[in-house]
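Q: Heads up: the sequence lines are chains A and B, in that order. Numbering-wise (our numbering), the first sequence opens with residue 54 and increments by one. Numbering-wise (our numbering), the second sequence opens with residue 13 and increments by one.
One or more hints might be untrue.
[Stated by the list, open to error] Simulated crosslink set (BS3-like; lysine-lysine; CA at most 25 Å straight-line):
#1 Lys84/A - Lys116/A
#2 Lys176/A - Lys208/A
#3 Lys302/A - Lys198/B
#4 Lys205/A - Lys176/A
#5 Lys130/B - Lys288/A
#6 Lys205/A - Lys288/A
#7 Lys284/A - Lys130/B
Derived by calculation from the structure, the hints in this document are not laboratory data.
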Amino acid sequence: MNRRTLLASAALGLGLTLAGGAQAAGMDHVKACFVYVGPIGDGGYTYQHDQGRLALEKALGDKVETAYQESVPEGADAERVLTQMALSGCNIIFTTSFGYMDATNNVAAKFPNVMFEHATGYKREHPNVSTYNARFYEGRTVQGTIAGMVTKSNKIGYIGSFPIPEVIMGINAYYLAAKKVNPDVELSVIWAYTWFDPAKEADAAKAMIEQGVDVVAQHTDSTAPLAEAAKTGGKVIGFGQASDMAAYKPTPRVTSTIDNWGPYYIKRVQALLDGTYEQVDSWEGIASGEVEIGEITDALPPDVKAAAEKVRDEIASGALHSFTGPINKQDGSVWLTEGQTAPDGDLLSMNFYVEGIKGDIPQ
Amino acid sequence: MDFGAINPTILIASLMVAAVPIMLAALGELVVEKSGVLNLGVEGMMIIGAIAGFVTAVHTGSPVAGFAGGAVAGALLSLVFAFLTQFLLTNQVATGLALTLFGLGLSSLAGQGYNGIKPPATHAVPFGPLADIPFFGRVVFGHDWMVYASIALVALVWWVLRATRLGLVIRAVGENHEAAHSLGYKVNRIRLGCTVFGGAMAGLGGAYVSLVRVPQWTDGITAGAGWIALAIVVFASWKPWRVLIGAYLFGGITVLQLNLQAAGSRIPVEYLSMSPYLITILVLVIMSSGRGRAGLNAPAALGQNFHASR
Chain A
54 MNRRTLLASA ALGLGLTLAG GAQAAGMDHV KACFVYVGPI GDGGYTYQHD
104 QGRLALEKAL GDKVETAYQE SVPEGADAER VLTQMALSGC NIIFTTSFGY
154 MDATNNVAAK FPNVMFEHAT GYKREHPNVS TYNARFYEGR TVQGTIAGMV
204 TKSNKIGYIG SFPIPEVIMG INAYYLAAKK VNPDVELSVI WAYTWFDPAK
254 EADAAKAMIE QGVDVVAQHT DSTAPLAEAA KTGGKVIGFG QASDMAAYKP
304 TPRVTSTIDN WGPYYIKRVQ ALLDGTYEQV DSWEGIASGE VEIGEITDAL
354 PPDVKAAAEK VRDEIASGAL HSFTGPINKQ DGSVWLTEGQ TAPDGDLLSM
404 NFYVEGIKGD IPQ
Chain B
13 MDFGAINPTI LIASLMVAAV PIMLAALGEL VVEKSGVLNL GVEGMMIIGA
63 IAGFVTAVHT GSPVAGFAGG AVAGALLSLV FAFLTQFLLT NQVATGLALT
113 LFGLGLSSLA GQGYNGIKPP ATHAVPFGPL ADIPFFGRVV FGHDWMVYAS
163 IALVALVWWV LRATRLGLVI RAVGENHEAA HSLGYKVNRI RLGCTVFGGA
213 MAGLGGAYVS LVRVPQWTDG ITAGAGWIAL AIVVFASWKP WRVLIGAYLF
263 GGITVLQLNL QAAGSRIPVE YLSMSPYLIT ILVLVIMSSG RGRAGLNAPA
313 ALGQNFHASR
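For reference, chain B alone in the conformation it holds in the complex:
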């Protein structure tokens, strides 16, 4: 195997960027699932976030406003899901899938006329001389602010879930909604809040794709990233820091395989292309072997609807 032509500094720096969209979306979905809701509409919310963020950024000229617009649009779409599943008690799996299809169609409609336009650029945070330090300059101080924000959000979610009353309530609702209800917590409202948070995060991830990673709008731009995000939540066994590892691992292998190809590696392309997915499956198998659902750390009430009358 020839790693000669591949510069590890650049590789790490670019995998950090490649991982941001799936990391944000997976982090949001983690909170949603922690509260006991399975929202398979991540892909739909991401792409709505991508187009809404793009349109907002183009019209306001501000990438920050674009990210905000993407988050709001993702949250609005997730509100549809929350209303259907929490108040009309529809099946979560079917509703989530429908949300993805709806999001893809709606984004295509909303994106008419936005092909071939360039959004305002999101620049790297100016760290001045720090960015010139070898290795660390590029890896730690050479990114745009969303890369840092995504890592900060992982820390925030971790802290909230682990150390705050709110986190405890969310986990209680996800583990045993009957018990949480009898303690006086409004199960459906808490789940609604979590779902909206998940939608906003997915929208943010989508906006990152259309504003930074690819910088343009084309139909179907997220190309399945939402499904990868869903897999990463399971991969991470519902733990925030493992989401970060999972996203970096997936982003890293994707970037590495393209770099290997460009460097003229002798490994057949087919193996390189399938490697990110193969390794994800492999890790999932290893992690779930010999242990039950509890060992996987899945929320006990995941995917179950709740109504106070039961």
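Excised from the complex, chain A in its bound form:
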């Protein structure tokens, strides 16, 4: 080690100690930083995280200062961005995509006094890493109910992004709900291998529609599939994903699953201010408002609308769980017995289709 690096590391060490001293119990002022996987202008997933950030600023006023970076690639770049944020005085950093999981934990090891919050992940390797997620599959149950009742061709579609548990969970919940109200329903899945590529998403929706699918659900972030459905003049419907996508009301967008992160962000930063902050693994759903079901429009027949609202309310009250037995896996083996509900662990590591879905999950 030469003299220059020695001095640099000494200075760094000193800085860290100072930052640590200010942490003790409660804080007067918190700098909260956000890392986004897409542009805020995606109108979907990242847009909703940014709405959460704005809600945080509004709720806590001058006690909080926020900063963000958009379109950060998942991988080595993320680690660089996180390090930069930690060095620039962020007290709490929200990393808002699954792919930041390892980067978050790696950087958290180096900055024990900075709190890290990773969305949709499961690794909490250090005491300063918390994870948070929302039970989006509950929204899929509402969508599936609508899909099963409305479809005329008995073919419903799902544009998947990547074959990760989060998405597979959504596909299964969607299919189970549709099958419950319509035993003849068939599901076709297209893997787009992207979270955000409007042209590709539009092509995927088009391919489905050409093959007779008349309800298209999407797990990708842009409004392109809805725009494609709109071209059919009301014959095909879809759902708002992550954001309300209200521009496509009343049809093809008949309802939506909205990610409402504001309450969680406010709760966590408030805890940091109060000195009550603790490591958590948060997974809330419709009941607590993290998953919001957007307006169910009158473009649906009244009985369908009523059924969808009933499902929504039952999930909110806890009377209904999206995965309630008996449910078999695709290969016919038993997953849940009569009346049994899925344990969270099974859901978070889900890598199988339920019985009735055709095709294989790409490995």
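With chain A held as given, fit chain B onto it using these hints.
A: Structure of chain B alone, referenced to chain A:
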């Protein structure tokens, strides 16, 4: 392999639409490269065309005005490139890459507030009873006017490059700028003109994405189509009709792989997803094997700057 559920008529009709943006952009870039300029900023010009076309169409209510706006914006951005490379003699590769980054950023800035708005619709050209003919009705007579315009533009570029004095001059400048200069042609001005044409075509392609193919604005909407266009120019060995084939092939495989997935094909998704790129690489390898640069038909002065003092 199961093709049972896939209707070839619909497949061909939709691949013609899917291919339009890359075809327009590639055609423009072909002319640019024919004049000896390598502009890697196609992606940037496309996305500027996409947002400018979208904004124009939304405010005027006319898709035609939107396409014009997209072309003008693409041309303006390419003018920046032309000024830098032709008059300040900057490196073309670096300038082109910078143009892409600049275009992506600028479009994102300009697009603030345009998310979630629907542009005025571009309808299929009404051919009346012709559109009801089986197969041909859908494939030949069932499109919006830009699909026909794009094919007409391929024919036009082919004719100009092959049979006119202007085409000869462009090719001369691209093959040997010293010789063209000594004959009295203004090399830099001709290249500037070609670059602007290329920019306008890329802008037009971008506007097609935001006005017809996806009909909406979102950041990063072109998602790499400009790079595909660049590859198609090489793939086409700088020949206009081959650009059309290349674009249809690429568009076709992209559409086919999604259709195969929706039809529940047994082919693993990974192979289907990579197939468009794989086949593009494969064809490039086959075409360039055993022959040199001349055999590939690349313009000899491609990417070289020219200054009269040399």
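Q: Take the hints in turn and mark each one as holding or not.
A: So, going through the hints one by one against the coordinates:
1. For the suggested pair Lys84/A and Lys116/A, the alpha carbons sit about 9 Å apart, so the restraint of at most 25 Å is met.
2. Between the alpha carbons of Lys176/A and Lys208/A the distance comes to roughly 37 Å, so the proposed pair goes past 25 Å and is violated.
3. For the given pair, Lys302/A sits about 56 Å from Lys198/B by alpha-carbon distance, which is inconsistent with the 25 Å threshold.
4. As the CA atoms of Lys205/A and Lys176/A are separated by approximately 43 Å, the hinted pair breaks the 25 Å bound.
5. Restraint check for Lys130/B and Lys288/A: satisfied, since their Cα atoms lie roughly 19 Å apart, inside the 25 Å limit.
6. The hinted pair formed by Lys205/A and Lys288/A meets the criterion: a straight-line CA distance of about 10 Å does not exceed 25 Å.
7. The hinted pair formed by Lys284/A and Lys130/B meets the criterion: a straight-line CA distance of about 11 Å does not exceed 25 Å.
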